[in-house]
Amino acid sequence: MIEIKDLYKSFGKQQVLKGVNLVIKEGEVTAIIGRSGGGKSVLLKHIIGLLKPDKGSIFIKGQDITKLKGKKLDEIRADIGVVFQGGALFDSMTVYENVAFPLVEKTKLTKKEIHERVIKALTDVGLQGMEYKYPAELSGGMRKRVALARALIAHPKILLFDEPTTGLDPILVRSIHKLIKDTHIQYGFTGLIISHEIPEIFEISDKVAMLHDGRIVEVGTPEEIQKSDNIVVKNFIMGIENGGDYEKRKS
Amino acid sequence: MVQLINFVGKYSVEFFIFLGKMFIFLLESIYHIFIPPFKFRNFLRQLRFFGNKSMIVVIFTGAFSGMVLALQGYYALNKFGAEALLGPVVALSLIRELGPVLCALMVTGRAGSAVTAEIGIMRITEQIDALTVMAVNPIKYVVVPNILAGIVAFPLLTAVFNVVGIYGGYLVCVHALGLSEGTYFAQMELYVDMEDIEIGLYKSLSFGLLVTWICTFMGYNSGYGARGVSKATTNAVVLSSVVILVWDYMLGAFLL
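Chains as they are written, first to last, in the numbering used here: chain L, 1 to 251; chain D, 1001 to 1256.
The hints are simulated quantities; they were obtained by calculation from the structure and are not laboratory data.
Some hints here could point you the wrong way.
[To be verified] Mimicking DSS-like on lysine-lysine, the simulated pairs with C-alpha atoms at most 27 Å apart in a straight line are:
1) L:Lys55 x L:Lys5
2) L:Lys52 x D:Lys1010
3) L:Lys13 x D:Lys1231
4) D:Lys1053 x D:Lys1231
5) L:Lys45 x L:Lys72
6) D:Lys1010 x L:Lys13
7) L:Lys108 x D:Lys1039
8) L:Lys13 x D:Lys1021
9) D:Lys1039 x L:Lys112
10) D:Lys1021 x L:Lys67
11) L:Lys111 x D:Lys1039
12) L:Lys45 x D:Lys1021
13) L:Lys69 x D:Lys1021
14) D:Lys1039 x L:Lys72
15) D:Lys1039 x L:Lys133
16) D:Lys1053 x L:Lys133
17) L:Lys72 x D:Lys1021
18) D:Lys1039 x L:Lys69
19) D:Lys1039 x L:Lys106
20) D:Lys1021 x L:Lys71
21) L:Lys45 x D:Lys1231
22) L:Lys55 x L:Lys18
23) D:Lys1021 x L:Lys52
Computed from a predicted model, the values in this text were never measured in an experiment.
Please put together the full structure from these sequences, using the hints given.
Shown next as structure tokens:
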């Protein structure tokens, strides 16, 4: 479904991605783990075409999106939903208007049809009755739920999550993860989750990839990753600092 | 010497890159003005924001500008015994020059800065990215309604500013300085031509475009964090104010 080939990206003198290779299969949920500032969000922004790479390709449904522009890129984007780190809800709109936005802007559905779908999406994420609140009146967890409802409403084939549980307490982290799992079963999307939540992320992903120093250093099932011999992966899972430095010294 | 050339060269290149980006931003905005779908509701909301909500500040500034002009004009004209020309002095100063300029400066401070801050916050909270990802063009959705609202609202606000200013001048001339009411308005009618009103209209139209262009551009390209938005807002207000005065002189020299 998504194939990332030899992706490079620099910002000035800082090289963030140094040849990322990754394949995300259709219908699977893949988690990308790695330290903060390691380029995970930059990788996600490449997948939705918000950033252009210095080198490399990203194939979605067989098309290299790094070479697409305008309407052709928008056609690919129509199949992708994104849950941004902070939710990226439009603060001048109510919860209802936020969730309805993709349908109002990009479809010709009637008001009644839109209403039914918005109510269903909000019910799916446990936010029925919150339609007329503004994002500023919601808690962090609720905002993430609204963002998920907005991303799901157009029934995208691919759903990308940029650290969907950052800043939430452990109970809310579990609740959001359960929500992702439930909606994945219900909607069957291909998911990509950028996350730091170890070990919770292993429960909801089919595959886990570790991004370190601008490269994917290990990919496998959650069990394989947890049993990995790679010192960088081991140290990251155990929360030991300077995993990479230790590896360099060892080599 | 080499360091100086390096310094000047570096800043010149940066300046031209900045101008180029601004120009491309304007071209893209103009392109989206004419390409459907049109965001009419967003335009109406911004028109209300620029026009209706700026009315009080425009009325106050207009009234006091007219009153000050009348007072100062009387002091100068009295020396030559030409107080009868106070009406045309107030009206021409307001219609040709002060109305468009002061009104544009006030609206920049009230609405332009708010537009920059709003778009800047949309940028740093990824709302602009969210629009792009949903295949909704952010220039069309956020920038174009502001530019169109500015082009429509500025001339209308300037007209209000001028009328209120002329009546402010009337209050001072007739009720405080004892000039006859007939003289004030009759002389005004004699000396103010339609061409003067047109010049003021062209000026305010162009200020509407310039201010909204600069303010939306600064917000759209604001840096990260609260500091980035605050810097963008300051830059937008300062640059808009300077451009208003420079463009006013250039238009004045060209249209006179």
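Q) Under the criterion that the straight-line Cα-Cα distance not exceed 27 Å, is the pair Lys1010 (chain D), Lys13 (chain L) satisfied? A) This hinted pair holds, its Cα atoms lying about 18 Å apart.
Q) Going straight from one Cα to the other, do Lys1039 (chain D) and Lys133 (chain L) come out at no more than 27 Å? A) With a Cα-Cα distance of about 24 Å, the restraint between Lys1039 (chain D) and Lys133 (chain L) holds, given a limit of 27 Å.
Q: Please work out if Lys1039 (chain D) and Lys112 (chain L) have their alpha carbons no farther apart than 27 Å.
A: OK: Lys1039 (chain D) and Lys112 (chain L) at ~22 Å, within 27 Å.
Q | Pairwise hint evaluation, Lys1021 (chain D) against Lys72 (chain L), where the allowed Cα distance is 27 Å at most | A | Given that 27 Å is the threshold and the Cα spacing comes to 24 Å, the pair holds.
(Q) For a C-alpha distance cap of 27 Å, please report whether Lys108 (chain L) and Lys1039 (chain D) respect it. (A) holds, 15 Å
**Q.** Agreement of Lys69 (chain L) and Lys1021 (chain D) with the hint, judged by alpha carbon distance not exceeding 27 Å
**A.** Since the Cα atoms of Lys69 (chain L) and Lys1021 (chain D) sit roughly 19 Å apart, the hinted pair holds (cutoff 27 Å).
(Q) Lys1053 (chain D) and Lys133 (chain L) were given as a pair; does the straight-line alpha-carbon distance stay at or below 27 Å? (A) This hinted pair holds, its Cα atoms lying about 25 Å apart.
Q | Holds or violated: Lys1021 (chain D) to Lys71 (chain L), with C-alpha atoms at most 27 Å apart | A | Holds. Lys1021 (chain D) to Lys71 (chain L) sits at ~22 Å (cutoff 27 Å).
Q: Mind checking the alpha carbons of Lys1039 (chain D) and Lys72 (chain L) for me, to see if they're no more than 27 Å apart?
A: holds, 22 Å
Q. Does the structure keep Lys52 (chain L) and Lys1010 (chain D) at a Cα separation of 27 Å or less?
A. Given pair Lys52 (chain L), Lys1010 (chain D) holds - Cα atoms ~26 Å apart, limit 27 Å.
Q) Is the hinted pair Lys1053 (chain D) and Lys1231 (chain D) satisfied, with a Cα-Cα distance of at most 27 Å? A) Answer holds: Lys1053 (chain D) to Lys1231 (chain D) is near 24 Å, not above 27 Å.
**Q.** Given pair status - Lys18 (chain L), Lys55 (chain L), alpha carbons within 27 Å
**A.** Holds - the C-alpha atoms of Lys18 (chain L) and Lys55 (chain L) are around 9 Å apart, at most 27 Å.
Consistency with the previously given hints is maintained throughout, with no hint failing.
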